[in-house]
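Asker: With the hints as extra help, turn the sequences into a complete structure.
Start counting the sequence shown at 15; every next residue gets the next number (this note's numbering).
Hints should not be assumed to be uniformly reliable.
Claimed, not checked - Quick list of in silico lysine-lysine cross-link-like pairs, BS3-like style, CA-CA up to 27 Å:
id, residue 1, residue 2
1, K126, K145
2, K799, K873
3, K830, K811
4, K873, K886
5, K822, K761
Unchecked claim - Cβ-Cβ distance ranges computed for the label pairs, FRET-style:
id, residue 1, residue 2, range
6, E627, L697, 31 to 39 Å
7, G566, R190, 32 to 40 Å
8, S270, P482, 52 to 60 Å
9, R242, T628, 19 to 27 Å
10, D861, Q770, 29 to 37 Å
11, P301, D473, 38 to 46 Å
12, R506, G566, 19 to 27 Å
13, K832, R506, 54 to 62 Å
14, A104, E627, 21 to 29 Å
15, S191, K660, 47 to 55 Å
16, R477, S270, 19 to 27 Å
Keep in mind that the hints were calculated from the coordinates and are not lab data.
C-beta atoms are modelled at their ideal positions from N, C-alpha and C, and glycine is treated no differently.
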Amino acid sequence: MSRPTRATHEQPVPPASARSTKEPQVSTWRKSSFRSTAIALVAVLGAAAAALGTSLAESDSEPVSAKGEAASRFSNRLARESSPYLLAHAHNPVDWYPWGPEALAKAKQDDKPIFLSIGYSSCHWCHVMEKQVFSDPEIARYMNENFINIKVDREERPDLDDVYMTALQVYFQAMRSNQTGGWPLSIFLTPDGRPLGGGTYFPPTDDNGRVGFPTLMKRVVAAWKENRKQLEENADILADGVRASLKTRVPTEAVSLELGMIAPVIKSLADTFDEQYGGFGFTSKSPDRPKFPVPSKLALLQYEAKRRNNENAARMLYQTLDRMAAGGIYDHVGGGFHRYSTDRFWRVPHFEKMLYDNAQLIDVYAEAFRHTNQPHYQEVVEDSIEFVFRELRDAKGGFYAALDADSEGVEGKFYVWTDKDLAKALTPEERTVCNALYGTGGEQNFEIGHVLEFKQSIDEVARQLKLPALQVDKQRREIDRKLLAYRQKRRRPACDDKILVSWNGLMIRALAKSGVILQKPEYIQAAEKAAHFILNEMRDPQGRLLHSYAGGKARLAAYLDDYAFLNEGLLALHLATGDDQWAQTAKQLADLQSELFWDAEGKACFFTANDHETLLARTKNPYDSVLPSGNSVSVRNLLRLTASSKQASYREKARETLELFAPLIQGSPSGLTNMALALAEYLDTVETAGANPRVRSPNLGISPNPGIILAGASEPENPKSSKKGQTKPAIVTGEAFLSVDKLPPGKTCKVLVQLQVAEGWHIHANPPGDPDLDVATEIELDQSKLGIELKNLKFPKGKSVDRGPDDKPQSLYMGKVKVIGDLEIPAKAAGRDEELVLTVVFQACDDAQCLPTKKLKLKVPVKVARADEQIKAINETLFAPSSTRKKAN
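Answerer: Structure representation (structure tokens):
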């Protein structure tokens, strides 16, 4: 099989910045003027200007460094940087500057145009351009003589990337080109930073009608010298276009915040849903377009499927999750997801692995396991976390940004398998299973080998090979283990070891939630360690966050996403641990975020702080990309802070943000899925005593989650105190009582569980008022070695509490709660003893908040009577009917 066509830039969908450059907005910034003014520019630059961005390499050949030996003799200003991406260019013969006052002043002083190149370390075509173009001394000499050359790591400076990617999109639209942006971003600027035009990857020479970078530069230089006035006019128009495109449109009429706004968002996802292979952005006109997971879309579907029992949302969600987990986008050997699929089938990925993708997908798959109890979702979560711990965790606790797509200069070489590799790594029997399961042994699905993907299910392979399914699954795990060990001996892809606050915030949330759902305390402990690292090592003396940590130091003022994503992680930690320090820190950071980023006049948050460097535009972006928008995450945080702090001002800011962006939810529903989720959570709140809103779903807006007993906690329902050496009163305590002194073999006896709920708190009854919202109190008997079973539980009726005209009333237990059931004892257990463990599952709430679901373990030592042994009734008052007890009193 030939290799599927892969997008030759690094993101085949418009980036975050370009989402706002839609046709109605472009028309407001003199597009026609640009067309008329640009005629002379096109005449000078020729095909280069008319088709900037179309010169992306389409060859799949191995990139060759032009005169690479000579390049190693050079060193430039990037050698003083800490970003791995910038350091990779430190020995180019190009006289690179990092973005900053020195470079901008030099451009003005020398009156030279700026060549701005923006990329990131795991970007394949960024590496290609570095090797083919920037390592060539002759190309570098011309660059140095005629331009001030600036290199930017987009992950360090997302603000610059946003502005200048928008500039490229505006340029393409003005030229009536259907090109989209990507990386490397290659754009020419005036000395004061206004855009002239640009593209993405350019080859080192003209080839098959594609303009090479040297030819392009010469045309730009000629235009700068001979048509300066027209270029300056075009730059003004493009700069105006950027400002117009990034300006938040204030609605002329208020839009009412209603749940009815959510259904069109779900429909917009359904309109581009791939019914056969899952995923979104599908169109029959271009069926082979690459696919991105886009977890924010999945999270909205997850919420709606659970909250409103939306079967269509559930169908799209689980089909997509299943297809991704079976495809080559998922690393079956080592765990974790690659960044995107180059094809419709999730088969051949673009091989880099990003922390932000894996954090968000771990979160979604953990929720999927919680809702379905399907073990393959649990496996994806556990193996992906193991990958992150193995490959991306720093010894100090933080998490690295990414792994490269290439190793030894070849894309995907670390991850793919030849038949020769498999013969060395596996036994013949294992190869048979591997071939049947992963589709190896036949035609390769990638140019240099096999990308492993599930071709058949375990059951199908078992039938084909006439083996038990359990044996096949066991062999699969052994195959994966052996292949991982074999793969670890290969030369590894480069790791971008900078630690970003925002992406770490996503990982902290994912670990906290997964630790709770999968009952893995070590995940929560890892999340806490990462949070401590950021709070201790990535803040300035004034307590403000610093965006990036690399080379042993933190630098760069943090952005909105840093505050929002970290706060989301801290709030998840609070729910997972009950430790008040996380809620208190989240509140402090939210207040600081408001001080630095909140637009008091226009509402919502800017992406950069009030004292940040002034660029062409100050963005306030509500659109999701591969990351949820910072403003949408902020709304969700504000709702949780409202509940935990009882401060109405947080909810007011959430409302103002939603009202500002509500028209955009209506106009571009598929681009604001996380804002739609925030809106749903805002509307899915109830007013409780004291008019304090409480978020219905304490699990960060998705649904309540099962709890765990943290290591060292004496009472599972007792949140850890923020003050060392002090404990808080237990919210729920329990005792168990038997109706007999010895259990009767071959018969039944009664057991009573008595719970005491602390004053001011309640737990949900069984059955609950709203099964989709409330966590019913449950009692289970852990597996008994004697085969004793718990049956016929009778729960008391709960107290009905109204929560609004459109909602079902709550059914609550308060104070003392008694539940009676039967213990059924096998005859063969006669004369033996055991310690039974009764597990009480409950969720405690007060008027302002709901804690995570907890499990209370009640240990009950029992002795089963011998067949001839006398059994006495005990605790008769407790087990008597309520009417009898009243008479006795």
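Asker: Could you run down the list of hints and mark each one as holding or not?
Answerer: Results of checking the hints against the structure:
1. K126 with K145: It holds: about 25 Å lies between the C-alpha atoms, which stays within 27 Å.
2. K799 with K873: Cα-Cα ~14 Å, so holds.
3. K830 with K811: Satisfied, since the Cα-Cα distance of roughly 12 Å is no more than 27 Å.
4. K873 with K886: Judged against 27 Å, a Cα distance of about 21 Å means the pair holds.
5. K822 with K761: 41 Å, violated
6. E627 with L697: 31 to 39 Å: Holds, at about 38 Å.
7. G566 with R190: 32 to 40 Å: 49 Å, violated
8. S270 with P482: 52 to 60 Å: 59 Å Cβ-Cβ, so the 52 to 60 Å window holds.
9. R242 with T628: 19 to 27 Å: Holds - the Cβ-Cβ distance for R242 and T628, about 25 Å, lies within 19 to 27 Å.
10. D861 with Q770: 29 to 37 Å: 19 Å, violated
11. P301 with D473: 38 to 46 Å: Because 29 Å falls outside the window, the suggested range is violated.
12. R506 with G566: 19 to 27 Å: 22 Å, holds
13. K832 with R506: 54 to 62 Å: 60 Å, holds
14. A104 with E627: 21 to 29 Å: Roughly 23 Å apart at Cβ, these two residues keep to the hinted range, so it holds.
15. S191 with K660: 47 to 55 Å: 53 Å, holds
16. R477 with S270: 19 to 27 Å: 56 Å, violated
Figure legend: structure checked against the earlier numbered hints; hints not met, in rising order: 5, 7, 10, 11, 16.
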